[in-house]
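Undergrad: These are the residues of each chain, in order.
Protein chains: 4
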Amino acid sequence: MNTFGNFFRITSFGESHGTALGVIIDGCPPQIELSESDIQHDLDRRAPGQSTMTTPRKESDTCQILSGVFKGKTTGTPITIVVYNENQKSADYEHIKDIFRPSHADFSYEKKYGIRDYRGGGRASARETVARVMAGAVAKKILQKYIGTEIYGFTRGIGTEIFSAVDKNFIEKNPLRMADPSHATEQEKRIEQLKKEGDSIGGVVEIRAENVAIGLGSPVFGKLEALLAAAVMSVPGTKAFEIGEGFGLCTKIGSDANDPWQCEEKKFHTVRNANGGILGGISTGEHIWFRVGIKATSSIGKSQKTADKQGIETDVQISGRHDPILLPRAVPVLEAMTALVLVDQWMWHQAQCGN
Amino acid sequence: MNTFGNFFRITSFGESHGTALGVIIDGCPPQIELSESDIQHDLDRRAPGQSTMTTPRKESDTCQILSGVFKGKTTGTPITIVVYNENQKSADYEHIKDIFRPSHADFSYEKKYGIRDYRGGGRASARETVARVMAGAVAKKILQKYIGTEIYGFTRGIGTEIFSAVDKNFIEKNPLRMADPSHATEQEKRIEQLKKEGDSIGGVVEIRAENVAIGLGSPVFGKLEALLAAAVMSVPGTKAFEIGEGFGLCTKIGSDANDPWQCEEKKFHTVRNANGGILGGISTGEHIWFRVGIKATSSIGKSQKTADKQGIETDVQISGRHDPILLPRAVPVLEAMTALVLVDQWMWHQAQCGN
Amino acid sequence: MNTFGNFFRITSFGESHGTALGVIIDGCPPQIELSESDIQHDLDRRAPGQSTMTTPRKESDTCQILSGVFKGKTTGTPITIVVYNENQKSADYEHIKDIFRPSHADFSYEKKYGIRDYRGGGRASARETVARVMAGAVAKKILQKYIGTEIYGFTRGIGTEIFSAVDKNFIEKNPLRMADPSHATEQEKRIEQLKKEGDSIGGVVEIRAENVAIGLGSPVFGKLEALLAAAVMSVPGTKAFEIGEGFGLCTKIGSDANDPWQCEEKKFHTVRNANGGILGGISTGEHIWFRVGIKATSSIGKSQKTADKQGIETDVQISGRHDPILLPRAVPVLEAMTALVLVDQWMWHQAQCGN
Amino acid sequence: MNTFGNFFRITSFGESHGTALGVIIDGCPPQIELSESDIQHDLDRRAPGQSTMTTPRKESDTCQILSGVFKGKTTGTPITIVVYNENQKSADYEHIKDIFRPSHADFSYEKKYGIRDYRGGGRASARETVARVMAGAVAKKILQKYIGTEIYGFTRGIGTEIFSAVDKNFIEKNPLRMADPSHATEQEKRIEQLKKEGDSIGGVVEIRAENVAIGLGSPVFGKLEALLAAAVMSVPGTKAFEIGEGFGLCTKIGSDANDPWQCEEKKFHTVRNANGGILGGISTGEHIWFRVGIKATSSIGKSQKTADKQGIETDVQISGRHDPILLPRAVPVLEAMTALVLVDQWMWHQAQCGN
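Residue numbers (the working numbering), protein chains in the order written: chain E, 217 to 571; chain D, 217 to 571; chain W, 217 to 571; chain B, 217 to 571.
By construction, these hints were calculated from the structure, which means they are not laboratory data.
Incorrect hints may have been included.
What the hints assert, rightly or not - Taking lysine to aspartate or glutamate and the EDC-like style, the derived pairs with C-alpha atoms no more than 16 Å apart in a straight line are:
{"hint": "1", "chain 1": "W", "residue 1": "468", "chain 2": "B", "residue 2": "254"}
{"hint": "2", "chain 1": "D", "residue 1": "468", "chain 2": "E", "residue 2": "524"}
{"hint": "3", "chain 1": "D", "residue 1": "518", "chain 2": "D", "residue 2": "408"}
{"hint": "4", "chain 1": "D", "residue 1": "518", "chain 2": "E", "residue 2": "326"}
{"hint": "5", "chain 1": "E", "residue 1": "525", "chain 2": "E", "residue 2": "326"}
{"hint": "6", "chain 1": "W", "residue 1": "518", "chain 2": "W", "residue 2": "426"}
{"hint": "7", "chain 1": "B", "residue 1": "521", "chain 2": "B", "residue 2": "314"}
{"hint": "8", "chain 1": "B", "residue 1": "518", "chain 2": "B", "residue 2": "415"}
{"hint": "9", "chain 1": "B", "residue 1": "518", "chain 2": "W", "residue 2": "472"}
{"hint": "10", "chain 1": "W", "residue 1": "482", "chain 2": "B", "residue 2": "531"}
{"hint": "11", "chain 1": "B", "residue 1": "357", "chain 2": "B", "residue 2": "254"}
{"hint": "12", "chain 1": "D", "residue 1": "289", "chain 2": "B", "residue 2": "377"}
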């Protein structure tokens, strides 16, 4: 459904070209200072038109808090935050309304519901992630305030290339949100070239959470990596998830894969943090880190063959200019999803083990 | 928590060496023929001692239905299925009760709860998957009855090797549950050698679901791949998940990655099924397929260095003989989790779109 | 929390004097014709200023659909409906911000959250029921379309008087929503007198649902009367609930209380429908009927003694003119809650038993 | 469904004459001392055969903990508690399997599921409350430990009579669990007479919770009285619920109904506690009190007319000897449900407002 989380529970609503997109946060702790400006920063990081690397569609994406905040503080009641859509024209999409675009949600929505809002992808549009980023901004603020947790992400790989250096301070200084300064310029050129050709490319985003509370997540179905995987794989365009060393860890023999505990200055840690800060589904207090595979934007400028509703082969060329790469704008979305999971689990931990 | 699913909702309970392990299925449709023998088959596929590839611990793992079935049929009320543990001795585990074993859940449970059942891993033990397999057997039966869906899995890779051939009929005929007959013997030898050395190895399992209903899953947070990822990543030892072509798809440029629709004999399908039978989070009716990275068994016979509760470095050697490879026994568990997701989403689809 | 229902799931948000009040409906079946005019009717029935019997506060309470409807039909995605508040001034409430008004939520909100929006009751205001009525209008439409269920309510008693006659057609023709024409005029006079005195009064509302599907509700915790009781007792001002003959039934001996089954023209029914259309927690297909005790409006014009935050005794006189009786405006709210329960349970019944 | 609570979440299973009845408690805080003897006390208070006032069916109802407790303490993992049924014979019920008994669940189960376990009421049997009492015993222990809350109930009325005196210490000393010593003997005689006649009677139970935490419950749908109403109305035989002065409060005019705040020795309280310890849906810290209408046992010895499955009128006489009055055995069940609500809401309060 459209609700995520059990304690810090968000409900997302809205379509790409409907009246408004928004989110309700239910269960937020009271007395937290909150205003639109706390949210707008991450919203701008997600917004289109930040650079030539992203779609030039210009929407101001200005958020408004409709409820749950009184005199600048949360009251413990539902916080509703909306962004009104400026573009609601459907005319731009009439020509594709009977076509099943390759690797889009057109076919499955049509068959499931018997009706779909075909304007800009409707509910399937990545524009829905506006809701997640807004809620995530509140979650980040809570984690920062109560635990000191910091969450950030970056473009770890593009196409078949994986970049090895991680300069945290460089990430927000380049349009691709890469963390490896030595490859940024070359990759920007590559993406601009793809864009000219009406093409796109996928890659790998890495997310890290530092200063995480010990004890988040729970045994069996509520394992923290399971919650993170669900969070991540619910973001449009994601195709793969690996926690810590992930698939690489699975190629090893046990005596190499195992990661022994050490204790230095009364602080426990493992040698490699190979399991990404989680063991037995529960956070160890070490940094959480995971990687996410994101495919190339499905909306490309090149003409493609596909089938229409009648099953007849047809050519489709998608008008409008889209992102040649989803990754930089996906970073704040994945950060938001991570924050939502962590704050939700922190609240649960307080409830069960806090006394 | 310990509940999975919203409509076909299962709750798992029990520890490795407690009195009993079991599962409650709430929401099961009525009037389905069900007896212990329907469940025992998959339970035997998961059981230890099937071959030299698996741990020789001998438990009969015989299931018993305690409620919800009357005169051989489900009644629509909760179905409780248990397996009583034969081995509840704690003496075998006293020597490790103060040690944080490498890559086990010891540390995180200890810190979260301040108490843990250290006998055989307690609640963190892979033995808990008995509950999932029992519930999954019921889910499979429902999917088979109402939709004709068939779910199977196999060992796709071991260590760094990925096997290419898929002979569905071979899977249950070899102890490693490989689908590639040409590599099975060599791999068995390899695993037996590792076992002799007191070591273990990881790999990749592939799961497939054939004859899937169209329309399962939902937009945004309930995307089918997100639900499957959560299901899979909740299984002990899993470190990575990829749907369809997964990470491989993410290396491609859009014009190569996109997978056009075709219609043949009034049936729609995509050229490659690159997205694993799901688009926009909703099943397309094509086969669902995904891969799961499973790490080497953490419990190895070799002596390892690690820290104890006091933070003092110590050597640990895990007594008892464990699986040198988790994959063959993980296959029925991953099948079960897949079935649970599909039946749950099918019920939701009936509720929302069934009229 | 602020979510109600499991399948047809609504989330309510907003404060009395905040920017907007609204509701998200998640899980609504697709392809149902829906526009603001379908919702506005019940919203007007709930609105203040309908007569001298209700508070004269004039808000137009015009609803707007923000998402989930495309070309006049539901799409299966979240339907968001809002009403923007016209009056957001807080100055009117400064004088009571430090006073715990008698029988209001002031004290408990203050102690729970350490902060509260004191403007017009904030989240505790009965104005929140706008959200319920809007969602209920959609639920009613679904019940009407698929099952033919009709839900209506009326003022069964005022003060110590219970009115015996039930003329369904009279209800919407009198400002008190009484069903007994012979007592309506006398009661209107009585209420107007109370109003002049700055006082208020309580009473009993009766709700009926006709043409109910058989099989709604479930054993144990999901009993239909339990769900209805929770729905009803969540409405501001409600103090008591009884299903069918209720407390009266409990005064009887078993041989009088029992209500035998009869079958006429192949239709089963009980002699008295004493249990209100529900047996064992599951609907029998007979009319559902229950009664709800609603207390006198706590906001009265008379001066009252109470304590302020410091614990000092103080006089409080509540400015603004309030309803002398809550019942007529509570009727559409209780109808809405009933519709929400029934449609939710109908969807669950389809999921579990629909194949 | 069969799950109750969100944080302290219990799942009930089992039929009256199945193999076992039981409950899983998920979310229980760790490190609480717990053994079967903590549970057995309330189980015995619920058990049949305590006196001539209750059914003589003799089952030992001995509970067994299957999981979640290690070395005498809870571990934070699911606690499973079962009672094995000693009587599983179905022969005793063959003669009523095609009859819809008056005021029983036979008809609605039959129509909903198309199948029902007719042995002793199956899942509809009041015997299911064994599960609730066991879970409630754990909840009571937690409330006692962390807050000092004490919950007790008693028979407030029988038939049309309401008893005014409340001697807390007398309750467990008389088989009817009355709190008014001056009427106990006369009522015992009355019930014994009814029993001889093969008849039964209903009445009113009152539940009180003393030393309640402030801030339990939440605005809108999670109002504490709504949660209590749902809890109470899910117990077999309940027909009505009123919080505090209930229906009586609703007969009053506002200036009489309102209950002003006072502050004595820095402690806030209201003059009458008319609203039963809850305002705006949130506990005030005053005693919570409510009343529950419970109907006469439907199973009576007298011959009754009713219809069978074919719709043919038939006489039914229910063999086996049943309780002439449900109230005394319902008391521990209603206490348990109250404890479950309070501990669940206390955990939620810790999660949201505990920092």
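Undergrad: Run every hint past the structure and note whether it holds.
TA: Verification of the hints:
1. For the hint linking residue 468 of chain W to residue 254 of chain B, the alpha-carbon distance of about 37 Å lies beyond 16 Å, and the restraint is violated.
2. A distance of roughly 25 Å separates the Cα atoms of residue 468 of chain D and residue 524 of chain E; the hinted pair therefore is violated under the 16 Å criterion.
3. Between the alpha carbons of residue 518 of chain D and residue 408 of chain D the distance comes to roughly 15 Å, so the proposed pair stays at or under 16 Å and holds.
4. With a C-alpha separation of about 56 Å, the suggested pairing of residue 518 of chain D with residue 326 of chain E is violated against the 16 Å cut-off.
5. With a C-alpha separation of about 9 Å, the suggested pairing of residue 525 of chain E with residue 326 of chain E holds against the 16 Å cut-off.
6. Annotation: proposed proximity of residue 518 of chain W to residue 426 of chain W is violated, straight-line Cα distance about 41 Å (limit 16 Å).
7. Between the alpha carbons of residue 521 of chain B and residue 314 of chain B the distance comes to roughly 14 Å, so the proposed pair stays at or under 16 Å and holds.
8. Proposed proximity of residue 518 of chain B and residue 415 of chain B is supported: the alpha carbons are some 7 Å apart, at most 16 Å.
9. As the CA atoms of residue 518 of chain B and residue 472 of chain W are separated by approximately 11 Å, the hinted pair is consistent with the 16 Å bound.
10. Taken as a hint, the residue 482 of chain W and residue 531 of chain B pair is broken in the structure, with Cα atoms around 19 Å apart against an allowance of 16 Å.
11. Between residue 357 of chain B and residue 254 of chain B the alpha-carbon distance is near 8 Å, which keeps this suggested pair within the 16 Å criterion.
12. A distance of roughly 46 Å separates the Cα atoms of residue 289 of chain D and residue 377 of chain B; the hinted pair therefore is violated under the 16 Å criterion.
Hint compliance for this structure: hints 1, 2, 4, 6, 10 and 12 are not met, and every other hint is.
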